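> Residues per chain, in single letters:
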Amino acid sequence: MADPASALLAPYKAVLASRIRAQRSYRASFALDLGSSLLVGLVELAEVWILFHNVTVLGGMSFPSIALVFGLADMAFALADLACGHCDRLPTYVRAGTLDVFYLRPQPLLAQLVASDISLRRLARCPVGAAALGYGLVAADVQWSPATIALLAVTFLSGCAIFSALFICAAGLQFFLINGAEMTNAFVYGGRYAATQPARVWSGALKVVFGMVFPVVFAGYLPVLRVVDLPSPHPFPEWAGWAAPLAAVWAWLFAIACWRCGVRHYQGAGG
Amino acid sequence: MRAGVRTYWKLVVSGFRQESHYRLAAFAGLVANVTFGFLKAAILFATVRASGGHLAGYDVGSMSAYVWLSQGMLGMVNLSGTHELGERIRSGDVAVDFARPVDIQGSYLARFVGARVFTLLPRGLPSVVVGALTIGMTMPATAQPYLLGGVSIVLGIASSFGCVYVIHVLGFWLVETRGLQLLYMVVSGFFAGLFVPLPLFPSWLHDAAYATPFPSVMMTPINVLSGQLTGLAAWHSVLVQVAWLAGVLLLGRVLTSAGLRKLEVQGG
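Residue numbers (this note's numbering), protein chains in the order written: chain R, 1 to 271; chain C, 1 to 268.
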């Protein structure tokens with residue numbers, strides 16, 4: 001008899017393993033998918049690099065420092081996208097009736113939704129983020145200490161949690177939006193874009209939206225300021241660079257509230 | 001051509017009316033457009049200021065015009081690569097399209113242009129108005145850039161359709177075109193100047209972009225409309241748009257007739 005934990009996880013493992021096998025079986029299509037995803041990462045980095053091709057310092061940061069911000073935030077986003085990126089396709093599941101099938105199974109709805117798909121191609125973005133991070137760590141003026149390494153590790157894990165929370169939040173809101181699913185792109189993909197920017201250039205409204213409500217500024221920019229020892233812009237205090245786990249907790253509380261509201265609102269059409 | 005101008009005009013109108021029913025979707029698109037607009041404006045203004053107020057022909061006012069015109073156009077042109085045709089080819093429904101007494105490429109083009117021109121009302125104009133009211137932007141004071149710019153926008157919409165049509169028609173051979181679509185989404189947005197205007201590109205990358213049809217999709221209409229390009233230069237770039245449009249539509253036609261010979265649909 002297997003122990004209770006692995007018995008509990010067995011159905012999810014079986015589903016995920018089948019998804020992974022399915023994607024790898026169409027080799028040409030999978031290779032093209034991987035190539036395209038890698039290109040997504042490269043183009044996003046190029047968009048940052050082009051700005052620094054024109055100026056040397058932007059928002060108080062040099063290119064190596066912003067490469068650190070980009071690397072941390074983009075890798076965290078890529079992993080969150082791998083795990084939860086399909087959750088914001090919830091309206092498709094609602095329309096097709098797939099969601100009603102989830103209700104019939106003895107596992108929690110959200111866990112089933114998360115485990116319902118995994119897009120391996122999204123892993124192809126990681127090397128770009130990793131390369132940017134590596135370049136930043138070598139080229140930027142990093143103040144190395146055990147605390148720096150701890151800060152980078154904590155930030156990366158919290159970043160994954162923050163972006164995952166944004167996807168769950170989007171899924172919850174989409175019970176209400178259905179046809180208006182694009183609205184959540186504003187903070188999910190807008191959040192990714194914002195997370196790779198030096199937040200010093202933002203207006204007050206953007207600082208509230210992406211610094212507090214959807215706290216992506218904690219996934220890269222604020223911690224990197226501590227790593228390369230630059231002052232934090234108003235209104236973020238210096239210790240905020242260490243506060244990524246707090247931001248992750250807040251993002252998850254917000255996400256779970258959105259999800260609960262959405263599920264309570266949902267009425268299956270039956271069939 | 002089996003159908004007259006009247007038929008295609010009716011298809012344009014039907015596309016326009018169909019799109020007008022999705023009001024929440026249009027509002028959602030506007031929210032996303034405006035959010036991205038503010039982020040783009042923040043980083044691009046900082047870039048212009050960091051280089052002393054003038055950068056590659058832009059000051060803050062004209063950069064603002066670029067930001068908000070590009071956000072306004074985002075709902076009008078197809079930079080995502082998605083279209084129903086791919087799925088219809090995969091499922092075989094495309095056989096119904098071929099059985100209709102109108103040209104398949106022409107009828108999809110007409111409906112696409114109609115639907116996308118509609119998005120000007122709930123997405124395009126409001127994005128520009130939000131930008132103009134909150135940040136302010138420099139726009140030309142004479143009529144000509146707006147008239148030629150209007151033509152240029154329609155050419156941009158049609159060119160984006162022409163490119164996407166080619167991607168989907170390749171489904172006759174590839175069946176699964178999702179990888180190609182993703183590739184199109186990445187490359188077209190970058191080379192159309194969606195996040196960074198093309199004049200800021202290093203020269204080799206700038207040349208690479210102009211070797212593709214994508215600047216014709218978005219950068220050219222913005223340049224003409226905002227008065228970055230005037231006089232002969234504006235007319236010249238609109239002619240380049242016409243040439244690209246003719247090229248991608250022709251390629252689509254050739255592929256369609258080749259694919260038709262390959263297509264086999266079961267049923268009855």
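Treat the hints with care, as some may be off.
[As the list claims (entries may be wrong)] Derived Cβ-Cβ restraints for the label pairs, each shown as a range:
#1 C:Tyr146 <-> R:Ala31: 40 to 50 Å
#2 R:Arg95 <-> C:Gly92: 33 to 43 Å
#3 R:Thr98 <-> C:Ser80: 47 to 57 Å
#4 R:Arg89 <-> C:Leu260: 26 to 36 Å
#5 C:Glu87 <-> R:Phe176: 23 to 33 Å
#6 R:Ala111 <-> C:Leu260: 12 to 22 Å
#7 R:Trp239 <-> C:Ser80: 40 to 50 Å
#8 R:Thr56 <-> C:Val5: 49 to 59 Å
#9 C:Ser80 <-> R:Ser203: 20 to 30 Å
#10 R:Pro245 <-> C:Ser14: 18 to 28 Å
Hints were generated in silico from the structure; no laboratory data involved. From a predicted model like this one, the values you see are computed outputs, not experimental measurements. Ideal Cβ positions, reconstructed from N, Cα and C, are used throughout, including at glycine.
> It remains to establish, for every hint, whether it holds in the given structure.
Status of the hints after comparison with the structure:
no. : hint                              : verdict
1   : C:Tyr146 <-> R:Ala31: 40 to 50 Å  : holds, 46 Å
2   : R:Arg95 <-> C:Gly92: 33 to 43 Å   : violated, 22 Å
3   : R:Thr98 <-> C:Ser80: 47 to 57 Å   : violated, 23 Å
4   : R:Arg89 <-> C:Leu260: 26 to 36 Å  : holds, 33 Å
5   : C:Glu87 <-> R:Phe176: 23 to 33 Å  : holds, 27 Å
6   : R:Ala111 <-> C:Leu260: 12 to 22 Å : violated, 47 Å
7   : R:Trp239 <-> C:Ser80: 40 to 50 Å  : holds, 41 Å
8   : R:Thr56 <-> C:Val5: 49 to 59 Å    : holds, 56 Å
9   : C:Ser80 <-> R:Ser203: 20 to 30 Å  : holds, 28 Å
10  : R:Pro245 <-> C:Ser14: 18 to 28 Å  : violated, 54 Å
In the structure shown, a violation is registered for the earlier hints numbered 2, 3, 6, 10, in ascending order.
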